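Construct the entire structure; sequences and hints are all you get.
Going down the list, the protein sequences come from chains A and B. According to this note's numbering, the first sequence holds residues 1 to 284 in order. According to this note's numbering, the second sequence holds residues 1001 to 1272 in order.
Take these hints with a grain of salt, some might be off.
[Stated by the list, open to error] Computed footprint of chain B on chain A; a stretch qualifies when at least three of its residues, placed anywhere within it, have a C-beta under 8 Å from a C-beta of chain B:
#	region
1	183-195
2	201-213
[Claimed, not checked] Once the Cα atoms are required to be at most 27 Å apart in a straight line, the calculated BS3-like pairs of lysine-lysine come out as:
#	chain 1	residue 1	chain 2	residue 2
3	B	1131	B	1181
4	B	1098	B	1131
5	A	274	B	1131
6	A	274	B	1098
[Claimed, not checked] Some residues of chain B that are not near chain A, with every Cβ distance over 10 Å (derived):
#	residue
7	1096
8	1106
9	1239
Treat the hints as calculated values from the structure; they're not laboratory data. As the structure is a prediction and not an experimental result, all values here were calculated from the model. Yeah, the Cβ is synthetic: ideal placement off N, Cα and C, and Gly gets one too.
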Amino acid sequence: MTTMTSSTTAPTRSFTADAVEDVRPTRRRLGPGAPIRFGGLIGIAALLAAWVVGSATGLLDPRTLTEPWTVVETAGTLVENGRLQESLLTSGIRAALGLGLGVAVGTVLALVSGLSRLGEALIDGPIQVKRSIPTLALIPLLILWLGIGEPMKVITIALAVFVPVYIHTHNGLRSIEGRYAELAETLGVTRGEFVRHVVLPGAMPGFLLGMRFAVTSSLLALVVVEVINATSGIGHMITLASNYGQTDIIVVGLVVYALLGVTADAIVRFIERKALSWRRTLAS
Amino acid sequence: MATHPGQLTTQTSHQPRAAVRVKDLHRSFNKAGGVLNGLDLEIAPGEFVALLGRSGSGKSTLLRALAGLDRGVDGTGRIEVPERVSVVFQDSRLLPWKRLLDNVTLGLRSSDAALRGSETLAEVGLAGREKAWPHELSGGEQQRASLARSLVRDPQLLLADEPFGALDALTRIRMHTLLRKLCEVHQPAVLLVTHDVDEAIVLADRVIVLDDGVVRHDARIDLGTRRSQADPAFARLRAELLSELGVEDDHDAVPGRHSATDHAHLDERAAS
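In structure tokens form, the structure reads like this:
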């Protein structure tokens, strides 16, 4: 009789308290399903729990990785004597200066290269070459040119930052549909208005994607320049701790770097959500 | 000329000044052959002209030529268009990153641009939607917004490239009514490119059939302001335009349904 009952389309029967019938064929779900609330934090929590359990049971040697509570204690001490804030401030300013310089340069170059064929011919080639040289490989040359002071550090960070900003902004510019340019032509707008109303907002998604890469690159470059011959900053703190075998301070430094990265990424994503509220994407 | 009680308020081509004057227009995309081959066309101020033609007959090429969007296309000839020309595209082409009002007033420099934009939005039935994002609108609403963007510029010539082609049939009927109403108020000359013979007859004062890059058929539509498909004259004109386009009338497809009578009040004239 009921031969239509197959494994995938079996009618499911469920009756609520007041017996309203709900009979419907249901298919087995193949997609990932509804998102888990705060799902992104679960993996991190599990990792921290493993650290706590490993340290408490003695599976993790304190000389390899300090216990989490010692790290918290050390962080407290470092905050109390002001070393942590001081280092954080120095590192933060360095990263911000490099990031700001790199983003400005990358954006301007992308605009020039995206809006004029001559600009593209002059700019795009060298940047593609620069892209294939890891910025960190330029450090020896930069040290010869600029010494080992702050300018070298800021410029190294800027060099690491401007490439992703340029690439993604340029790509965003070029992927603005030609039909919008055509529309602007029929509306008789000036070149300036075209840039302001069509080009810049159209390139915004690309620019912000570039920004997210840029933030990561800036922190990477920050770590490297701070380990080389720095006398201040988080990296300097870590290098010193390494010389004295203080894993707790190293871990504190790493946590601060992680917090810097996560915070910066969250800020860019926040700006992205605000600036791109016109977009109806799968994410929203 | 046939006499018909419901005279349209249109000017004939005897009028001294034309809104559009096209003379001996040639356009070709490759050496093999031209898309437009010596086309002549005049459109009077305020006249509503529908342009029919098979795919590849040069409809869109003509429209783009009139809109000044065919840089880089080979060709000769003479085109005179008014100073203020607006284009309505098949896609509404609203900038997705601008709210509706900013889309409508884009490029307007007068100080009352926002006010005029709001008024025009109200005119197309989108009052109070100034702050909406384009993606929040339905297809029909987007196209109405795009009409508002064209009309707020007070065009002397409105070029429309299959503006209702992507809309569903019911929305299209509503858009027809709206477009007729707006044209009565703003009185632009209109060149409407369409595939839809019924749409052409319902909307236009004059229907032009393009074939092989020249005007093949040029018919003035004299059906009055109430144009019903039940009107025998409508059916006859429809059959005639379809045959000009080389298509068999689908109303004849079912035997025994054909009802065209010879009471048609048509005023047609063959192209040059």
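Now the hints, each set against the structure:
1. 183-195: holds (count 8)
2. 201-213: holds (count 3)
3. B:1131 with B:1181: holds (25 Å)
4. B:1098 with B:1131: holds (9 Å)
5. A:274 with B:1131: holds (16 Å)
6. A:274 with B:1098: holds (14 Å)
7. 1096: violated (6 Å)
8. 1106: violated (6 Å)
9. 1239: At about 36 Å from chain A, residue 1239 of chain B clears the 10 Å cut-off, so the statement holds.
Hints 7 and 8 from the list above are not met by this structure, while the remaining hints are.
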